[in-house]
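Listed below are the residues making up each chain.
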Amino acid sequence: MPKLATLIRVAVFLLLVAFLLQPHWFEPLLRPLVQDNAPVIYNQGSLLQLTFLHLRTVALAVAAAALVALALAILVTRASGAEFLPLSRSLVNIGQTFPPVAVLALAVPIFGFGEKPTLIALFLYGLLPIFENALTGLTTLPPSVMEAARGAGMTGGQRLLKVELPLAMPVILAGIRLSVVISLATATIGSTVAAKTLGEVIIAGLQSNNLSFVVQGGLIVATLAVLLHDGLQAAERRLAARMGR
Amino acid sequence: MRQLRFDKLGAIIAALALGGAFIAPFATFRANRIVAGEVKSVIDAVPAAWSVALLGIVVCAVIVALVRSPAYLRLAAAFVALAALALGIGVAATHLTPEANTYARVSPASGFWIMLFAFGLLAADALTRLRPAPFVRIVVLAVVLAFASAILLAGAWDGLSILKEYASRVDTFWAEGRRHVTLALGSLVAAIVVGIPLGVLCHRVTRLRDGLLGVLNAIQTIPSIALFGILIAPLGWIAVNVPGAAAIGIRGIGVAPAFVALFLYSLLPVVANTVVGLAGVPRDANDAARGIGMTDWQRLVGIEFPLAFPVILTGIRIVLVQNIGLATIAALIGGGGFGVFVFQGVGQTAMDLVLLGAVPTVVLAFAAAIVLDAVIEMATPNTRQAEAA
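The listed protein sequences correspond, in order, to chains A and B.
So for the first sequence, the numbering used here puts the first residue at 1; every next one is plus one.
So for the second sequence, the numbering used here puts the first residue at 1; every next one is plus one.
Just so you know, these hints were derived from the structure itself, not from any lab.
Idealized CB from N, CA, C, for every residue including glycine.
Some clues are possibly wrong.
Unchecked claim - Pairwise CB distance ranges, derived in the manner of DEER restraints:
| # | chain 1 | residue 1 | chain 2 | residue 2 | range |
| --- | --- | --- | --- | --- | --- |
| 1 | A | P39 | B | L208 | 40 to 46 Å |
| 2 | B | N32 | A | S80 | 50 to 56 Å |
| 3 | A | L165 | B | V35 | 47 to 53 Å |
| 4 | A | P143 | B | V194 | 43 to 49 Å |
| 5 | B | T172 | A | L165 | 48 to 54 Å |
| 6 | B | A279 | A | A241 | 24 to 30 Å |
| 7 | A | A152 | B | A279 | 37 to 43 Å |
Let's have the full structure, built from the sequences with the hints guiding it.
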């Protein structure tokens, strides 16, 4: 069965690429969603370019979030940073109660309109799942392995790079995957503060009462999320298998 | 003399708080709602006696944070400093606003927010170390909210720009607030009523489980603004074509699509957690129940459900906090809620208006998380006792 699932994903991916390159091919499908004279395909910019910008925003934010979250998680799981561990857990819990819209709107006065507040909001929102998972990964390592590493005379840095991080990597990657999926959806809200993302298509649809715009914007983001989620999950499995877990 | 030992987190808090108090500006003064403001330090922003008191309290709290002090003392210091900040910003507003000038706006500046963050951090750290019982956490929350309400009712913050925005929108504020809460809670209740039976069904019928959870997972990937928008069409169609639908308030735009969208997003955590909770019920418990001749229904209500309850409650917590945040998006499709002020404020670049929408949303979400976390903790040991009995 996994073969069929892979085939479906490839087909979905090809459909997405076809839609982004030649959206007018799909016009008959979307035509029933709009009134007679309304445009069917988003006409205020290139869907391909918006998709690219959307993905770039997500990639930048998640990459920065992953670096910072991982550094923080490493810091609080060392002996010298141990006293920050309980607090950092509470902060993660508190942070997750902040609604993304609020973070986005509050970032505007500091960073102005456009891509910056969106990047900041996505960065802050992306930190939490990665940090949480990195903490879980780094604090639930089997004690016997840690003992063995210490017994073999490895220094703290060697243990971190050669034992702890590789063992925790699957859990950390799962956090990054979660972060990517959340950011993909949240980035659309960025268009309410004039960021160039696929949210622009959806908001244009809401404003001109054009359901076809809303549907195409929404479906592109959802398809990207599902494909990236599955792709990252496959990468995690491959990594886990290579490490013999 | 015993040497004083320093606290690492305290050093960070001290740097932040002192920077916020002495370097960064405390309040911003603007001649009217949209012009650029001029910033004022603590000393310029409040009367001399107040600035001495405020800076004195900040320095004392910083000292408590800096040395290794008992957690309850740190908590007390944090709360005193936060209370002083809360009162101080109100005083600054009155002090900076010229007599009888209704156009001038005073709002907190970076120094205020930095100190708020620093002492909030100190309070969070102390609370984490004290590990208060769930009931105590709810009491602390209630006391903090009561203090904030008292300041609001006493009018001590009336000079602040966010409350000036509020004053010109008193009626709509409470109407939108009610709608926000109705949307978030109503869709949660609907998701519980539908989701828990679905979860039980998924637990019993394995084939259904993968399919349904797959669909619910897919719904989560649709961005919220798109899902809200997509639902406008079917609901509009229902309103026109189903007799009586329009009469009970189903419309293409407005509350109905927002409600349905929130409901759809809420289903996954409720269903998935019900399934996980039921799957975690020990086989022994089920066998014993069967052994004493319990029917399927008795087993579900008497054994499985109580044991799975904390996990289901965790799902409900996720949904409630998420819904309170997502309900802000409803404003984009005419569904109302605090998002109305957020998006109006963004549109007019009036940050005070954004705050008027964002602050209550954050407070609601935060309070909901604290209360439900406490309830979950209270529910968990009880079931353990039941397990042991």
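Consistency of the hints with the structure:
no., hint, result
1, A:P39 to B:L208: 40 to 46 Å, "holds, 41 Å"
2, B:N32 to A:S80: 50 to 56 Å, "holds, 51 Å"
3, A:L165 to B:V35: 47 to 53 Å, "holds, 52 Å"
4, A:P143 to B:V194: 43 to 49 Å, "holds, 44 Å"
5, B:T172 to A:L165: 48 to 54 Å, "holds, 53 Å"
6, B:A279 to A:A241: 24 to 30 Å, "holds, 26 Å"
7, A:A152 to B:A279: 37 to 43 Å, "holds, 40 Å"
Going down the numbered hints, you'll see the structure goes against none, and every one checks out.
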